[in-house]
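Protein chains: 2
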Amino acid sequence: MKEKYYIGIDLGGTSIKLGIVDKNGDIVAKYEAPTPHAKYEETIELFVKMIEQTGIEKDQMLGVGIGVPGFVNIEDGSIDELVNVGWKNVHLKNDLEKKVGLPVFVDNDANLAALGEMWKGAGNGLTDLVCITIGTGVGAGVIINEKIYHGKNAMAGEVGHITINPHSEIRCNCGKNGCLETEVSATAMVNFNQRAIEGGKETLLPIEATTKDIFEAAQKGDSLAIEIIDNTANYLGLALSQIATVLAPERIVIGGGVSKAGELLLRPTMQYFKRYSTEKIAEQTEIVLAELENDAGIVGASRLVADQMAK
Amino acid sequence: MKEKYYIGIDLGGTSIKLGIVDKNGDIVAKYEAPTPHAKYEETIELFVKMIEQTGIEKDQMLGVGIGVPGFVNIEDGSIDELVNVGWKNVHLKNDLEKKVGLPVFVDNDANLAALGEMWKGAGNGLTDLVCITIGTGVGAGVIINEKIYHGKNAMAGEVGHITINPHSEIRCNCGKNGCLETEVSATAMVNFNQRAIEGGKETLLPIEATTKDIFEAAQKGDSLAIEIIDNTANYLGLALSQIATVLAPERIVIGGGVSKAGELLLRPTMQYFKRYSTEKIAEQTEIVLAELENDAGIVGASRLVADQMAK
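One line per chain: the protein sequences are R and Y, in this order. In this text, residue positions in the first sequence follow my numbering: the first is 1, and each later residue adds one. In this text, residue positions in the second sequence follow my numbering: the first is 1001, and each later residue adds one.
Treat the hints as calculated values from the structure; they're not laboratory data. Warning: the hint list may mix true and false statements.
To be verified - Taking lysine-lysine and the BS3-like style, the derived pairs with C-alpha atoms no more than 27 Å apart in a straight line are:
{"#": "1", "chain 1": "R", "residue 1": "LYS93", "chain 2": "Y", "residue 2": "LYS1280"}
{"#": "2", "chain 1": "R", "residue 1": "LYS4", "chain 2": "R", "residue 2": "LYS17"}
{"#": "3", "chain 1": "Y", "residue 1": "LYS1280", "chain 2": "R", "residue 2": "LYS147"}
{"#": "4", "chain 1": "R", "residue 1": "LYS280", "chain 2": "Y", "residue 2": "LYS1088"}
{"#": "5", "chain 1": "R", "residue 1": "LYS201", "chain 2": "R", "residue 2": "LYS220"}
{"#": "6", "chain 1": "R", "residue 1": "LYS147", "chain 2": "Y", "residue 2": "LYS1311"}
Said to hold, decoys possible - Covered by chain Y, per the in silico footprint, the following chain R stretches (three or more residues, Cβ under 8 Å):
{"#": "7", "stretch": "10 to 20"}
{"#": "8", "stretch": "248 to 254"}
Model, not experiment: these values are computed from the prediction. C-beta atoms are modelled at their ideal positions from N, C-alpha and C, and glycine is treated no differently.
So that you can see chain R by itself, here it is in the shape it has in the complex (with noise of 0.2 Å):
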């Protein structure tokens, strides 16, 4: 009998990621294309391509999962709107399985990812989990008895939009101020910086310095690179302690680009998480970095499709 894999799309703002899955949530092949801007066929169109390119026969292929930067409408796979990529209300579900001729699954790239991380990732082997992701801003996706926790409207885990420091003066996209990704993720680092420097603090730091500056500069003993790490540990500390006090998962993963500081940030993160955080909580909440980085969605969307194809 031939082997039957899973085709994983991870849809981004810069780049397309397709892999092929086994049953065992091991990747096969990966391949990757630049996301073409505001062209909803044309997308479709690659993402047919791209699945033809694997040289896979099609009736080795259980079915499509795809995860999408936005909000998606989980019963029918139709999407409204995602800005990154510059769609608006597409039917991507019916699209692409009317194009592919096999089952498609549309869900939130946050989500993906926590289920990737879950099946072959630093969630591995657990049932109730968090998985955070801190990039340009700050997503989550809420894993309760191994599946993807939805809530009313696909909403749960924006945790990004969390009102993390009521008295903050900085506005956020959503339009209100103080969420947390004005303060944790890697736009509110930058920021803080090019805010700092423009008030005239002494730093070693260009004021176009990355994350990835920012965290070099700390670990030289630059005092605006310590100060911004501070903040960042401090309300990420803050908000993992609420969710964990509400949730109470078994452990918290933390990928996305910010994570790649690993220690740097892990450790004064747990410093300020436990400071926040009831003896209990803070004791049996375990917080990691993210294992699978790049490829949590590819292997995330054919877990999905595992799940969908398993009701």
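Position chain Y relative to chain R; hints supplied.
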């Protein structure tokens, strides 16, 4: 065929409530007795006596559900400690099953209140909700997919210990500062009043004012009472917003003694909730008062029996 019933018991710090509940979740009869403190065996005997006094025959009883004010080891129905009742290291499920010859199921009282509200109260017909109980302290039950979500070591929903005011100097019983309970509970309101009067604040309120006094004084325009309620609504609105942002429940139900203030508390809480929430969460999250009041525990304990026996 004889009608079958659930026995729902709500063990509180001052009284034991026992209800005969039919298969539709309707209470057929209710009984109440004072809680014997620090006397575990005596309390078990009292449970047995109360069950016998109902006059319902054993073969009409499906099982016994009990809600207790503290942590329960969900796997085996044992309890490490109930401070309010004076129990330590007891095996409630086993001990009561031996005495009554019926299946017994034990859970935390806030969880069962949530389950009760879902079954027959303010959450009727919903699958995902959070029910917050605001009394001396603040507890919550998280219902996901019509079941209690326990989290690791049954610690989910301990929202009274969300660090809601990180800069607070008010110490919580749990040992850390700034817990939701130190700003939003009946205790917090009473203490706020005491501190203000000791600090020389002018008010109509006596130093030993209750929450009822505070709500009444606010209606008469007392500025301290208004300030206390505003503080409560602010931190409650912020916490509900954080919970809704993480979980996106269909509805949040507010119960417990403090919630009896009704619209006086709900209206300003909703205003703060909207201020701290993204537009979508503010629009879609219903926040309502609990409906079952003191019966929520009995009804929820009965539903627990139904759920456990359906497994």
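Taking the hints in turn, this is what the structure says about them:
no. : hint                    : verdict
1   : R:LYS93 with Y:LYS1280  : holds, 24 Å
2   : R:LYS4 with R:LYS17     : holds, 20 Å
3   : Y:LYS1280 with R:LYS147 : holds, 23 Å
4   : R:LYS280 with Y:LYS1088 : holds, 18 Å
5   : R:LYS201 with R:LYS220  : holds, 17 Å
6   : R:LYS147 with Y:LYS1311 : holds, 19 Å
7   : 10 to 20                : violated (count 0)
8   : 248 to 254              : holds (count 3)
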